[in-house]
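With the sequences and hints as input, model every part of the structure.
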Amino acid sequence: AQSVTQLGSHVSVSEGALVLLRCNYSSSVPPYLFWYVQYPNQGLQLLLKYTTGATLVKGINGFEAEFKKSETSFHLTKPSAHMSDAAEYFCAVSGTGANSKLTFGKGITLSVRP
Amino acid sequence: DSGVTQTPKHLITATGQRVTLRCSPRSGDLSVYWYQQSLDQGLQFLIQYYNGEERAKGNILERFSAQQFPDLHSELNLSSLELGDSALYFCASSSPVDRLEYGYTFGSGTRLTVV
Numbered sequence: 010a011q012s013v014t015q016l017g018s019h020v021s022v023s024e025g026a027l028v029l030l031r032c033n034y035s036s037s038v039p040p041y042l043f044w045y046v047q048y049p050n051q052g053l054q055l056l057l058k059y060t061t062g063a064t065l066v067k068g069i070n071g072f073e074a075e076f077k078k079s080e081t082s083f084h085l086t087k088p089s090a091h092m093s094d095a096a097e098y099f100c101a102v103s104g105t106g107a108n109s110k111l112t113f114g115k116g117i118t119l120s121v122r123p
Numbered sequence: 013d014s015g016v017t018q019t020p021k022h023l024i025t026a027t028g029q030r031v032t033l034r035c036s037p038r039s040g041d042l043s044v045y046w047y048q049q050s051l052d053q054g055l056q057f058l059i060q061y062y063n064g065e066e067r068a069k070g071n072i073l074e075r076f077s078a079q080q081f082p083d084l085h086s087e088l089n090l091s092s093l094e095l096g097d098s099a100l101y102f103c104a105s106s107s108p109v110d111r112l113e114y115g116y117t118f119g120s121g122t123r124l125t126v127v
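So the protein lines, in turn, are chains Z and F.
Heads up, the first sequence is in our numbering, so the first residue is 10 and it goes up one at a time.
Heads up, the second sequence is in our numbering, so the first residue is 13 and it goes up one at a time.
Hints were generated in silico from the structure; no laboratory data involved.
There may be inaccurate statements among the hints.
[To be verified] With a straight-line cut-off of 25 Å between C-alpha atoms, the simulated BS3-like cross-links for lysine-lysine are:
#, chain 1, residue 1, chain 2, residue 2
1, F, K21, Z, K115
2, Z, K115, Z, K67
3, Z, K67, Z, K77
4, Z, K78, Z, K58
5, Z, K115, F, K69
6, Z, K78, Z, K67
Shown next, in the form of structure tokens:
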């Protein structure tokens with residue numbers, strides 16, 4: 010079984026500041042890890058994913074995340090926040106075999122101050 | 013447009029009623045997943061279908077049922093509705109291979125309000 014912990018429900022940063030959204034996972038098998046973004050009144054959009062290979066993955070809109078197995082973490086970062094980054098962000102984990110499904114964390118709301 | 017189509021976008025109905033939510037997956041995707049999103053529970057996995065067959069069940073109530081048709085569209089049926097069933101219901105589809113390297117593609121959801 011897999012689970013995801015996203016500490017805190019809300020993060021607020023100034024425009025131009027570093028964005029850091031934390032995600033820790035629990036998995037009994039090597040995981041696939043994902044970050045999704047949800048803008049108001051919209052569905053979830055895939056930001057980036059880790060499956061195998063390079064542990065630092067780059068996604069859309071300047072976001073990146075690093076898979077750290079020893080820390081069971083997959084934190085999302087962006088060097089410089091933009092007002093358009095304000096949204097809810099979900100970390101998700103899955104197994105790699107058939108019948109696997111995505112398990113989501115509770116989500117973090119990112120606010121960006123001018 | 014993600015390629016996953018959900019209808020209707022909004023639904024308001026009374027307690028005790030039954031509704032059907034519809035989902036058309038992205039072209040070529042064989043798996044369909046249903047999720048419920050509410051403020052208190054977050055995103056909860058309900059059920060998965062793969063090529064017409066039920067593959068996995070999550071926290072789906074007995075009052076809820078789903079199916080996937082030969083053309084791969086899926087329907088989620090919610091009956092004997094209660095106020096607590098008010099939520100955003102998402103459908104997602106995944107790549108033709110029944111694995112998750114590519115994640116899911118989500119529809120824009122159906123917002124259900126039970127009054």
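Here is what the structure says about each hint:
The straight-line distance between the Cα atoms of K21(F) and K115(Z) is roughly 23 Å, inside the 25 Å bound, and the hint therefore holds. With a C-alpha separation of about 22 Å, the suggested pairing of K115(Z) with K67(Z) holds against the 25 Å cut-off. Note on K67(Z) and K77(Z): the hinted pairing holds, with a Cα-Cα distance of about 15 Å set against a maximum of 25 Å. Taking the CA atoms of K78(Z) and K58(Z), the gap is near 15 Å; set against the 25 Å cutoff, the hint holds.
Restraint check: the Cα-Cα separation between K115(Z) and K69(F) comes to about 20 Å, which is no more than 25 Å; the hinted pair holds. About 17 Å separates the Cα atoms of K78(Z) and K67(Z), which keeps this hinted pair within 25 Å; it holds.
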